[in-house]
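Visitor: As a plain string of letters, each chain reads:
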Amino acid sequence: MSVKIQIENYHFYYANQQVLKGINLTINANEIFSIIGPAHSGKTTLLRSINRMNNEPNSRAEGKIYLDGKDVNTIDENILRRRVGMIFATPIPIPATIFNNVAYGPRLKGIKSLAHLRNIVEKSLRAAYLWEEVKDRLSDSALRLSGGQQQRLCIARALAVEPEVLMMDEPCSGLDPISTAKIEEALQHLKKEYTIILVTNNTKQAARVADTIAFFLSGELIETGPPEVIFTRPKDKRTDDYISGRMG
Amino acid sequence: MANQSFRIPPILNQRIAQVLLWLATIITLLVLFFIIIFILIRGLRVINFDFLFSLPLHMGKAGGIVSPIIGTIYLTALAIILATPLGVGSAIYLTEYTKENIFTKIIRFGADCLAGIPSIIFGLFGFILFVIKLRMGWSILSGGLTLAFMILPTIIRTSEEAIKAVPTAYREVSTALGGSKWQTVSRVVIPVALPGILTGVILSIGRCIAETACVIFTAGSSLRIPTSIFDSSRTLAVHFYILTREGISMERAYGTAVILILAIILVNFLAYWIMYRFIRRMGGYVG
Amino acid sequence: MKEKLIEKVLLVIACSAIAIIFLIFLFIFIEGLPVFVKTGVIRFIFSSNWAPTKGNFGILPMIIGSILVTFGALVIGILFGLACAILLACFAPKGVTRVLKPLIELLAGIPSVVYGFIGVVVLIPIIRNTLGGPGFSVLAASVILGIMISPTIIAVSLDALRAVPLAYKEGSLALGATQWQTVYQILIPAAKSGIIAGIILGMGRAVGETMAVIMIAGNSLKIPRSPLDPVRTLTSNIALEMGYASGMHQEALFACGVVLFIIIMILNTLALLTIGRRNG
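These protein sequence lines are chains W, D and E, in that order.
When we follow this note's numbering, the leftmost residue of the first sequence carries the number 1, and every step to the right adds one.
When we follow this note's numbering, the leftmost residue of the second sequence carries the number 1001, and every step to the right adds one.
When we follow this note's numbering, the leftmost residue of the third sequence carries the number 2001, and every step to the right adds one.
Check the hints yourself; a few may be wrong.
What the hints assert, rightly or not - Once the Cα atoms are required to be at most 27 Å apart in a straight line, the calculated DSSO-like pairs of lysine-lysine come out as:
1) W/LYS235 x W/LYS21
2) D/LYS1164 x D/LYS1105
3) E/LYS2192 x D/LYS1164
4) E/LYS2094 x E/LYS2192
5) W/LYS109 x D/LYS1181
6) D/LYS1099 x E/LYS2008
7) W/LYS109 x E/LYS2004
8) E/LYS2004 x D/LYS1099
As the list claims (entries may be wrong) - Short, incomplete list of chain E residues facing chain D, as computed with Cβ under 10 Å:
9) ILE2013
10) PHE2080
11) ALA2085
12) PHE2091
13) TRP2180
14) PHE2261
15) LEU2272
Honestly, the hints are just simulated from the structure, not real lab data.
Note that the Cβ used here is the ideal one computed from N, Cα and C, for glycine as well.
Chain W extracted, bound-state conformation (with noise of 0.2 Å):
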């Protein structure tokens, strides 16, 4: 297995809270590395750290994290967005179609032929397994669609750009079983070809569907393993109490 992302000794401070200690961890291509933890133990901040997407004054970030062994500080922000593809808690459809929502990463990038969006547009859609709900009203808006299909809609729009790897953000919190099945059926698919940070709040779907796991706490990481290990013989005790439900 070859090593995706490494981060080492990151620290991340906003205003004059330390919402990152030390975080050291691997993640390796082609696998399902579920965050775990309760809120505000800093989960969100890592994936935005990752992408570079935390550009709030007043905030500082120390240590390194690398992208296939390149420092993300040294590759544009634009290219680097595209290779680490993120999806939020809440779906956030543009308002425009659902094609218009597909395509708009790869106009970003230039694509204008109509065909060629047509063809990534139908990729996507059927990688995120929402094809079959809406090839028939590509242009309707995209807002008309339930809240599991917006966020399989905003799993494809992630998936037109290429990426090499998916950061879920909660993907799931709000969505009906059903939904949520659906989407951790796709992720199955999905780690053929790509490498998936999942953070979730649902230890249970964590258990699931993860093949290694990280547990969180007030920023720090408190112990990384399988599922089997996590969840039977956790090396830590604070972990063991998070997984029974004792505390968070």
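Fit chains D and E to the given chain W structure using the hints.
Guide: The following block gives chains D and E in isolation, referenced to the frame of chain W:
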């Protein structure tokens, strides 16, 4: 309320209040609509093809109003052409490319103040600066520049509000897909803010059409059809004012007023239509 | 790179717009300053001697004129405008409001010269015949201005009242209050800052109105002693004399403009603070 021997029961209170409110409202609405109808009744009979397309004769005592119509169009067009790119561009720069700091606050305060300054002060300003000091004389250029200065603060503010109203989430989505700053602004922010921006521009058009104090001192009151922007020209509002002040022709004054009111109605209708259509049509923008 | 170019272009545009805004401020203040210096601020504002040809510049009658006319306009505008807004927001059926609101906003756009004209043709004879005096008066100006600013007050107050969360209204009704009690004790206080902002907006419009006032207020230089006396406001002063003023006289008109400017800036700040307090 302290203990009183006589208290109006709440239900009676409500009845009284309702009666008074209905009375006040009906009076208000009657008066407002009376004004429109009064003008329309007396003015509509003057309107015909000739009136709209022929020149005023004898200082406006006879003939039509084609030169004031053209004057209005030229002046408004010049003002909008100058003020819109300037206003919208500044709004974009101020909201998207700068962080909120003391400077942006001062600029916003300045723009807000200017947006409320009476047009006569702009008339004074334009008269001294453009007509006299810069020797442009009474001309469409002087008038258009002055009107542009007058509507610029409003366009900046309404555009700024419209752009700020675009949810941050949309910008994040575009950035996360690798969009550059300008791509995000031009492909997501502006299209979503467009109805608000356009409404501000259209209402400024309405303001230009209705303006008198500012225009009469900068564009003059020539009755000829202007052939260049250095020519003086009269707008419909100015024409109406002069006709009534000098008592030249009541008939034609009413006719002019009707056209003025119709123009304002058109402008307002356009603004509503745009807002309505965009809100309904959220799905169809081209990325 | 295209990005940098676009950013530079936008910067230039923004700077131009800011420069224009500053230019307007500066120009007016600089032109008006000499008169303040030569005549002295106190004498300028508090003397009632406006005789430009003799070098006397006292604008007290005009300031009082503006105050009286604006005050009168506000009384009428608030009385009728607010009543109308309350009715449309709280007691009228939804469909009626939906139709009326655009119409009322339309009326706010009617040129002031048209309002002034109606004043001359309809209102002034009525005043002259029933109440006496020349007809061109503080009263006439107040009524017409009040009518002119009522659409503004109605529109803004309407929005403010409708923005009050439904929960407030329903909570009050659930406690057994009548509709009017709910309106009076809950809705209006909740919408207070929006309503006040609308009133200040209307006040600004009344202070700044020129053409209608010229047509119906009489333009006399004396301080009015009764509502039936003619009056001149700061705005009409500028408009009436601009055509033939020169030199010191012209600068005095700019000084009038400065006074107006300051009054409106104060009003605007009040308005923004009131709205700000609601949002903040």
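Visitor: State for each hint whether it applies.
Guide: Hints, one by one, checked against the model:
1. Only pairs whose Cα atoms come within 27 Å are accepted, and W/LYS235 paired with W/LYS21 is accepted, the gap being roughly 19 Å.
2. Of the supplied pair hints, the one linking D/LYS1164 and D/LYS1105 holds, its CA atoms being roughly 14 Å apart against a limit of 27 Å.
3. Of the supplied pair hints, the one linking E/LYS2192 and D/LYS1164 holds, its CA atoms being roughly 25 Å apart against a limit of 27 Å.
4. Among the hinted pairs, E/LYS2094 with E/LYS2192 is consistent with the structure: their alpha-carbon atoms are about 22 Å apart, no more than 27 Å.
5. Our distance criterion of 27 Å between C-alpha atoms is met by W/LYS109 and D/LYS1181, whose separation comes to about 14 Å.
6. Using a Cα cut-off of 27 Å, the hinted pair D/LYS1099 and E/LYS2008 holds, with the two alpha carbons roughly 16 Å apart.
7. For the hint linking W/LYS109 to E/LYS2004, the alpha-carbon distance of about 18 Å falls within 27 Å, and the restraint holds.
8. Using a Cα cut-off of 27 Å, the hinted pair E/LYS2004 and D/LYS1099 holds, with the two alpha carbons roughly 17 Å apart.
9. At about 4 Å, the closest approach between the beta carbon of E/ILE2013 and any beta carbon in chain D falls short of 10 Å, and the interface hint on this residue holds.
10. Contact between E/PHE2080 and chain D, as hinted, is supported at the beta carbon level, the nearest pair being about 4 Å apart and thus within 10 Å.
11. This hint holds: E/ALA2085 has a C-beta 9 Å from the nearest C-beta of chain D, less than the 10 Å allowed.
12. Given the 10 Å rule on beta carbons, the hint for E/PHE2091 holds: about 6 Å separates it from the nearest Cβ of chain D.
13. This hint holds: E/TRP2180 has a C-beta 4 Å from the nearest C-beta of chain D, less than the 10 Å allowed.
14. Taken as an interface hint, E/PHE2261 checks out: its beta carbon lies about 6 Å from the nearest beta carbon of chain D, inside 10 Å.
15. Among the interface hints, the one on E/LEU2272 holds; its C-beta lies about 6 Å from the nearest C-beta in chain D, closer than the 10 Å criterion.
Figure legend: structure checked against the earlier numbered hints; every hint is met.
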